[in-house]
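Q: Below, each chain spelled out in residue letters.
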Amino acid sequence: MQTFVTEAVDWPGTAPDLREQVRALVAAHGERDPVRRANCWTKANPQFSKKLGEAGLLGMTWPKEYGGHERSQLERYVVIEELLAAGAPVGAHWIADRQSGPLLLRLGNEELKRRWVPEIARGEAFACIGLSEPGSGSDLASVRTTARRDGSDWVIDGQKVWTSGAHVSHFMIALVRSEAGSERQQGLSQFVIPMDTPGVTVKPITDLTGAHEFNEVFFDAVRLPAHALLGEEGAGWKQATAELSLERSGPERYLSSMVLFLELVRHAETAQDPALAELVGRLAAEAWTLRLMSASVAAKLARGEDPALEATMVKDLGNSYEQAIPQLVQAAVDWERIDAQVVQAVCFYLLQVSPSFSLRGGTREIVKGIIARGLGLR
Amino acid sequence: MSDTRRMLAEMADPLFAELGADATMDRDGARLEQLGLPALLMPEADGGFGGDWMDALTVFRLAGYHALAIDLPAMIVAKTAGEGTEAHFALMAFARTAQIAGALDAALALSVGYVNERQQFGRPLGKFQAVQQSLAGFACEAAAANCAAVGAAQALERGDAGFEIAAAKLRANRAVEVGTTVAHQVHGAIGFTHEYGLHPLTRRLWQWRSEYGNDAYWSKRLGTMVVDAGADSFWPGLTARTD
Numbered sequence: 001m002q003t004f005v006t007e008a009v010d011w012p013g014t015a016p017d018l019r020e021q022v023r024a025l026v027a028a029h030g031e032r033d034p035v036r037r038a039n040c041w042t043k044a045n046p047q048f049s050k051k052l053g054e055a056g057l058l059g060m061t062w063p064k065e066y067g068g069h070e071r072s073q074l075e076r077y078v079v080i081e082e083l084l085a086a087g088a089p090v091g092a093h094w095i096a097d098r099q100s101g102p103l104l105l106r107l108g109n110e111e112l113k114r115r116w117v118p119e120i121a122r123g124e125a126f127a128c129i130g131l132s133e134p135g136s137g138s139d140l141a142s143v144r145t146t147a148r149r150d151g152s153d154w155v156i157d158g159q160k161v162w163t164s165g166a167h168v169s170h171f172m173i174a175l176v177r178s179e180a181g182s183e184r185q186q187g188l189s190q191f192v193i194p195m196d197t198p199g200v201t202v203k204p205i206t207d208l209t210g211a212h213e214f215n216e217v218f219f220d221a222v223r224l225p226a227h228a229l230l231g232e233e234g235a236g237w238k239q240a241t242a243e244l245s246l247e248r249s250g251p252e253r254y255l256s257s258m259v260l261f262l263e264l265v266r267h268a269e270t271a272q273d274p275a276l277a278e279l280v281g282r283l284a285a286e287a288w289t290l291r292l293m294s295a296s297v298a299a300k301l302a303r304g305e306d307p308a309l310e311a312t313m314v315k316d317l318g319n320s321y322e323q324a325i326p327q328l329v330q331a332a333v334d335w336e337r338i339d340a341q342v343v344q345a346v347c348f349y350l351l352q353v354s355p356s357f358s359l360r361g362g363t364r365e366i367v368k369g370i371i372a373r374g375l376g377l378r
Numbered sequence: 001m002s003d004t005r006r007m008l009a010e011m012a013d014p015l016f017a018e019l020g021a022d023a024t025m026d027r028d029g030a031r032l033e034q035l036g037l038p039a040l041l042m043p044e045a046d047g048g049f050g051g052d053w054m055d056a057l058t059v060f061r062l063a064g065y066h067a068l069a070i071d072l073p074a075m076i077v078a079k080t081a082g083e084g085t086e087a088h089f090a091l092m093a094f095a096r097t098a099q100i101a102g103a104l105d106a107a108l109a110l111s112v113g114y115v116n117e118r119q120q121f122g123r124p125l126g127k128f129q130a131v132q133q134s135l136a137g138f139a140c141e142a143a144a145a146n147c148a149a150v151g152a153a154q155a156l157e158r159g160d161a162g163f164e165i166a167a168a169k170l171r172a173n174r175a176v177e178v179g180t181t182v183a184h185q186v187h188g189a190i191g192f193t194h195e196y197g198l199h200p201l202t203r204r205l206w207q208w209r210s211e212y213g214n215d216a217y218w219s220k221r222l223g224t225m226v227v228d229a230g231a232d233s234f235w236p237g238l239t240a241r242t243d
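Note that the protein sequences, when read in sequence, are chains A and B. When we follow our numbering, the leftmost residue of the first sequence carries the number 1, and every step to the right adds one. When we follow our numbering, the leftmost residue of the second sequence carries the number 1, and every step to the right adds one.
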């Protein structure tokens, strides 16, 4: 039995130049405050997203015809791991660049593609994902928001919840029930809903730190034209779950606390505490391993394979790692020291937000269930 | 996988399976010599096999998978680095990493097979969520150890592997804890018997975790390396090693 077959990742020859480009851009336009660099892919900064778009670093792999740059998947991987490691504020465009754009290009009709894809690549259009509902969290197939036909239009009624970035997004790709009376995974379709459509209301949900990152989104007789249907009517479940490998194995699944690790190293440089050096060693070994695993999955995805089990393992290990960092740092650092202030601020911030790491994108229990099925256990 | 490496695996796998945990140098050493395995890393010009570090990884991992009682990895390493040297210690740490990776995969396979077969409360143990979640965690640890071993082998191929061997042995050591714990837990009492084939794997795993650098040793070394280089060098250093 070998569940995770690693391979030598053939890093693109352009990687060093791309890294330099990203590092310079982040140094000029990124966040200085280490606390704001933590968990950076939830931090929306539309100006920064626009800078990335102007630099040709969004929609990197997409056809030029739609504003993309026809670079390789691994070149994109280099760029996103650099952005995340530097704590760049990539939250505004993250979903659109990672999955909404590719989904539109794969399944969208011409009108949808022309309307949204070039704007995403310019860093001017942002997207959110409408999956969870009040009665539908991990059990996603219990979606109740409906779409019904009215002439050639569709009319959407219902509610989504925990929608990250809905308040800065220009459109949502929502999974809704388009066949009245259908059950579970059947009768679901995906729709592209412009957030400024009459009948769409976004209400903020304040998180435990007082920040506003996710929302409730209400649909009250929201009227959409026929071309708002994404892909095939009734195939929403398959479409929505098809690209989960892409979503689960990215470097954002292990780098959310990287800034705290780096501040720990900085603190250890002056603190001269052997216990801190040991912790640095342990966390460095894990970061190195996870980078190898995540990149290995990216290489397989780039070849058109679907390493679903491996991708899910990266998410589980990566989330555990980014959650463990603040816990271990809290346990190890001497908080009486005057030079511990920065590491303390980042640590205490991440302690509070890190519970979300093993909830978003599939809870730990769901993820482990998927791994178990991959092992042949159910 | 290259053709020679596949050939190597096809030769080593059934042989190590046959020799396994009962192998002795006196009885079986000659068979390994005949196949030229101890000379795996020696150049062909010197009568060796001319293998590279990925070949070594394949053989070391299979030795671990089958809990081969002859320390073939040590025989192979001894022909490339003198005992007592720093290089020898590092290469043996790499060997133990690969053996841990193999043994974890073997213990995982045994565990999955067992829980799918063993019935309690009218269904296989593998149907219980608690058992599934434990084994999923084990699988992740086994995967991490395997990836770490591959990463170290790739670094050896590139040249300087000081950082990677330290990180890989440390990561593999840490995987031993979850792996051995879960493997024994899901097996129940049968896994604790001398008769059943789990202990040759788990007892070696505990041994290999200690040998050539335990967790404390490698985390100190690696941590000192990282702290001395400085926070701002960590990420650029990591990426420069593979670019």
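Simulated from the structure, these hints should not be mistaken for lab results. Treat the hints with care, since some could be wrong.
Covered stretches of chain A, as calculated for chain B (at least 3 residues, CB under 8 Å) [unchecked claim]: (1) 9-22; (2) 110-124; (3) 274-282; (4) 312-324.
Each residue gets a CB set at the ideal place from its N, CA and C atoms; glycine is no exception.
Q: For each hint, tell me whether it holds in the structure or not.
A: Verification of the hints:
1. Judged by the Cβ-Cβ criterion of 8 Å, the segment 9-22 of chain A is covered by chain B as claimed, because 5 of its residues qualify and three suffice.
2. For a cut-off of 8 Å, the count of residues in the segment 110-124 of chain A with a CB near a CB of chain B stands at 0, and the three-residue condition is violated.
3. Residue count for the segment 274-282 of chain A with a Cβ under 8 Å from a Cβ of chain B: 8. That meets the three needed, and the coverage hint holds.
4. Restraint check on the segment 312-324 of chain A versus chain B: 3 residues with Cβ-Cβ distances below 8 Å, three needed, restraint holds.
The structure shown violates just one earlier hint, number 2.
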